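**Student:** Here's the letter readout for the chains.
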Amino acid sequence: MRFLLGGSVVVASTLIIKNSGDSFGGIFAAFPAVYLAAIISLSMDYKGSYLLLVSEQLSKGALVGMVADICSALAASYMILR
Amino acid sequence: MYTNKFDFRDLGLRLVFGGASVSICFIMLQIIPSKSFVGIFAAFPAVMIASVVMAGHFGNSEQASDIALGASAGMLGCTFCVLTVNFCMEHLESWGLSLVVALSIWFFSSYAASQLIHVFLEKIKGKRQQK
Chain A
1 MRFLLGGSVV VASTLIIKNS GDSFGGIFAA FPAVYLAAII SLSMDYKGSY
51 LLLVSEQLSK GALVGMVADI CSALAASYMI LR
Chain B
1001 MYTNKFDFRD LGLRLVFGGA SVSICFIMLQ IIPSKSFVGI FAAFPAVMIA
1051 SVVMAGHFGN SEQASDIALG ASAGMLGCTF CVLTVNFCME HLESWGLSLV
1101 VALSIWFFSS YAASQLIHVF LEKIKGKRQQ K
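Sequence order for the protein chains is A and B.
Using my numbering, the letters of the first sequence map in sequence onto residues 1 to 82.
Using my numbering, the letters of the second sequence map in sequence onto residues 1001 to 1131.
Careful, some of the hints might be misleading.
Which stretches of chain B does chain A cover? Using the computed rule of at least three CB atoms under 8 Å from a CB of chain A, they are [what the hints assert, rightly or not]:
# : region
1 : 1057-1070
2 : 1081-1094
The calculated lysine to any residue pairs, modelled on SDA-like cross-linking and capped at a C-alpha distance of 20 Å, are [claimed, not checked]:
#  : chain 1 : residue 1 : chain 2 : residue 2
3  : B       : Lys1035   : B       : Phe1087
4  : B       : Lys1127   : B       : Ile1117
5  : B       : Lys1035   : A       : Val54
6  : B       : Lys1035   : A       : Gln57
7  : A       : Lys47     : B       : Glu1090
8  : A       : Lys60     : B       : Phe1087
9  : A       : Lys60     : B       : Pro1033
10 : A       : Lys47     : B       : Ile1027
11 : A       : Lys60     : B       : Phe1080
12 : A       : Lys47     : B       : Gln1030
13 : A       : Lys47     : B       : Ser1094
14 : B       : Lys1127   : B       : Leu1116
15 : A       : Lys60     : B       : Val1100
16 : A       : Lys47     : B       : Lys1035
The hints are simulated quantities; they were obtained by calculation from the structure and are not laboratory data.
Keep in mind that this is a model prediction, so the values were computed, not measured.
All C-beta atoms in this analysis are idealised placements derived from N, C-alpha and C, irrespective of residue type, glycine included.
Required output: the full structure, derived from the provided sequences and hints.
**Tutor:** Structure below.
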C-alpha cells in the first residue's frame, strides 16, 4: 500500500513534468514526492496531536536530508561532466 | 536522444524508486526510535535520481548535468517547504492546513530559485561565448 502510494506520487509528478512547459516542468523535477507520501502515510497510523508531533519530528530529519539533497545535486551536476 | 515521450521503463523506474523510498521510510519508522533520523529517508530525491539516470542513459551527460543543476534549485524550494511544515504544525496545529500552506510556499520558492538559476546559467554561457 505504502509502496504504491510513494510510487504513484512520484509517477504523477513525472506526468506533470512531461505535460508542463519548461519552467513548471523544471520545478516539478524536484517535487518533494517521497516526503509528502511519507507524511501522508503517517496519517494512516497516527491521529490528532500525536500525528502533528510525529510529522514535526520526521520533518526535522527531512530538513537535514533536503540540505544533503542540494549538496548531492550540485555535486552530481559538477561530477557528471568530469 | 532523451525525449519527453512517455516511456514505461522510465515510469517503472520512478515507481520503484518512489515506492521503495516510502516503504523503507515506514520500516525505519517502526525500527528506529528516533523519528527525526528517519526523516532523512523521507528526503530521498527519487524524482531527481530517476530523471538524471534516464537522461544519462537515453540522452547525454550534459542533459543529465543540467537536470541535476535544475533540481538543486527545486530542492531549495523543498527545504523551504519542510521548514514551513515544521513552523505551521507548531503554530497552526492543523495537519492538513500546514501541508497546503507548505505546498504553496514550495511552489513559489521553487519558481523563484529556478529563475535565479536560469539567470546564473545565462551569465555563465555568456562568459563562455565571450572567451
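**Student:** Tell me, which hint numbers fail for this structure?
**Tutor:** Of the numbered hints given earlier, the structure breaks none, since each of them holds.
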